[in-house]
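Here is what each chain is made of, one letter per residue.
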Amino acid sequence: MATSDPDAAIGSQRLDKETRERLVTVARHTILLGWSFVVLFPLYWLVSMSLKPPGQANSLPPDWIFLPTVYNYIQLVQQSDFVAAFANSVMMVSASVVIVLLIGVPAAYVLSRYDIPMERDVLVWILSSRMLPPIAVVIPFFVIFRALNLFDTRIGMVLMYVSINLSLVVWVMKAFFDGIPETLEEAARVDGATQFQGFRKVVLPAAKPGIFSVAIISFIFAWIELLFGLVLTSFEAVPVTLFVYSFIGSRSIEWSLLAAASTAMIVPVVVFLVAVNKYLAAGLSFGVVIKE
Amino acid sequence: MSTPTQTETANQTALGRLRDLWNDYLPYWFMAPMVLVMVMITFFPGAYDLYLSVIAEPTFNVFEAEFVGLQHFETAFTRGGAFHSFVITITVVVSALALETLLGFVLAALVAGVDSGRMKGFYRVLFIIPMAVAPVSLATIGRLMLNSEIGIIPYVIETATPLAAPNFLSEVPLLTVILLDTWNWTPFMFIIFYAGLSSVPDTLVEASRVDGAPLWRRYVHVIIPYMKPVVFVATLIRLIDLFRTFGVVYGLTNGGPGTATQLVSINIYEQMFINNQLGVAAAIAIVYLVLVVALCNIIIAKVGFEGVWD
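Going down the list, the protein sequences come from chains A and B.
Residue numbers 17 to 308, in my numbering, belong to the letters of the first sequence in order.
Residue numbers -11 to 298, in my numbering, belong to the letters of the second sequence in order.
Okay, chain A solo, but in the shape it has when bound (with noise of 0.2 Å):
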């Protein structure tokens, strides 16, 4: 190309490489605007049901601007069963993790420390834990239950979310722990430390971003779980899940009733992904991932 003006020809190369780059920047924004947007509509269209009155709730046009209540969140926390199935899920839930992350994690310590034999199979044998759909295990679980007395039980339907996060656990920190040079625990070693404590007041520490995300991931999965809630309890071990469920399954369903006891279960766990986000993709990844 050696024609025309080799300057001008660079110009409106640069020009069009500007216009160019203007005209992605801009479809890019548009698509992830559209994305957001799909995002945001469905959930802002159930948070201003459930704050709308219950006889404007289902108007079509709908009515775009209304005054906002909490007349449904009053009815909703009135309702003893909503009150005590929110409750019963805070706590089976929570304990769930505090015990899966004691079972979890020095497991995963072991294994990512020590040679373990066929540890390539003992990984995937965890792993196939999960592979195991829930339906097919809770059949088995349904009878046990009955037998142990732990049918509708906390203690029961904490077993079970225990059963379901243990593998992610143990993978995701063993992945965590891999990362972490051995050299730290063998400094503490040398200054006389035990193996234990070595774990305890070294190791443990640098894990703490590992430990965190996959706290909130095992409070998340058991948080949205139905199905053992559905099998395993019937009054007294009642996750909010089944209480959200039994509004869809009844004939004649309150909207705006079950609108709030949707967004009721929903905002909590919002705030704690948003609050850690940061921590999440290298815990979602199992540490495949390095860290931002």
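A few of these clues could be false.
[Unchecked claim] Subject to a maximum C-alpha distance of 30 Å in a straight line, what follows is the list of computed DSSO-like cross-link-like pairs (lysine-lysine):
(1) A/Lys294 with B/Lys216
(2) B/Lys108 with A/Lys294
(3) B/Lys108 with A/Lys33
(4) A/Lys217 with A/Lys294
(5) A/Lys224 with B/Lys216
(6) A/Lys294 with A/Lys224
(7) B/Lys216 with B/Lys290
(8) B/Lys108 with B/Lys216
(9) A/Lys224 with B/Lys108
[What the hints assert, rightly or not] Now the stretches of chain B that chain A is said to cover, found in silico as 3 or more residues with beta-carbon under 8 Å:
(10) 19 to 32
(11) 96 to 103
(12) 114 to 122
(13) 138 to 147
(14) 262 to 270
Bear in mind the hints are in silico, worked out from the structure with no lab data behind them.
This one's a predicted model, so the numbers in the text were calculated from it and none came from an experiment.
Where a beta carbon is used, it is the ideal one built from N, C-alpha and C, also for glycine.
Mind docking chain B on chain A? Use the hints.
Only chain B this time, still in chain A's reference frame:
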């Protein structure tokens, strides 16, 4: 420090012995509870399902059980709708996995390329939010917005376009389930892919840019190969979890209309609790277990774990 009395010394040695026991066998203590729980939640259900699937009625005295062979399996596949529910499940799993992977990757790539740090943070936080929505709440949202009488989406379609809105829950229930799951779980793929993209070394991308490789080539030849382990783990985990799908379908359509959205998990639930066919439910569960575990193990063996292990 005063000299310890005799009892104190004795106590200390007992304690000391305990402490030695604790420290010398630390890996065993650390592993034992996990192994115990794992045995309980993997071997026991499988074995018990197998037992239920080949006996007439469950009894606590295993030796009194009446063995009926493969009768429950036959019932499951002839009258139990097992085959249909497997087809439905695989349709949902494959379509949702494909949609979520593709969408998650595109969104992650688009957000990763945003220049302004603040906008980047905004999108990243916003896009993970649907993950916080429990499937049962999602079923609420679906029923609320797609309802043919009071739903906003059919209303908007009918008023804003000349199209007639389908009745989402009765005419295209399977598509509705797939789309709702995509809304719910694309964030999972997004966040993992986003982290994966940010871990691709800049120098690698820069080098191919200098070589004049166009955008798509950079992705196909540099970025995606580098991210292979991330893509592998994300899709495997999502695949495993998709086979668990229950709540959203149970809340949205309860398997219906008819058996249009009767996933295997819904089918097993109905056989067990509606039809009281414990044996048939167990038989379907066994086939399901074998299928899912075998599939995942084949994938793990075939693709391997390069970059995932250590």
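Outcome, coverage of the segment 114 to 122 of chain B by chain A - at least 3 residues whose beta-carbon is closer than 8 Å to one in that chain | Holds: 9 residues of the segment 114 to 122 of chain B have a Cβ under 8 Å from chain A.
Regarding the pair B/Lys108 and A/Lys33, is the alpha-carbon distance no greater than 30 Å?
-> Roughly 23 Å separates the two Cα atoms, so the pair holds.
Starting from A/Lys294, check that the Cα of A/Lys224 is at most 30 Å away, please.
-> holds, 13 Å
Under the criterion that the straight-line Cα-Cα distance not exceed 30 Å, is the pair A/Lys217, A/Lys294 satisfied?
-> Holds. A/Lys217 to A/Lys294 sits at ~24 Å (cutoff 30 Å).
Between the segment 96 to 103 of chain B and chain A, see if three or more residues pass the 8 Å beta-carbon test, and mark the coverage as holds or violated.
-> Answer holds; 5 residues pass the 8 Å Cβ test.
Below or equal to 30 Å on CA atoms is what counts here, so check A/Lys224 against B/Lys108.
-> holds, 26 Å
Coverage claim, chain A over the segment 262 to 270 of chain B, checked by counting residues with Cβ within 8 Å (three needed) = holds (count 3)
Below or equal to 30 Å on CA atoms is what counts here, so check B/Lys216 against B/Lys290.
-> Holds, at roughly 14 Å.
Apply the coverage criterion to the segment 19 to 32 of chain B and chain A: a residue qualifies when its Cβ sits closer than 8 Å to a Cβ of the chain, and three qualifying residues are needed.
-> holds (count 10)
When you check the alpha-carbon spacing of B/Lys108 and A/Lys294, does it fall within 30 Å?
-> holds, 13 Å
Claimed coverage, the segment 138 to 147 of chain B by chain A - three or more beta carbons nearer than 8 Å | holds (count 4)
Does B/Lys216 lie within 30 Å of A/Lys224 when you go C-alpha to C-alpha?
-> Holds - the C-alpha atoms of B/Lys216 and A/Lys224 are around 27 Å apart, at most 30 Å.
Against the hints set out earlier in the document, no violation occurs for any number.
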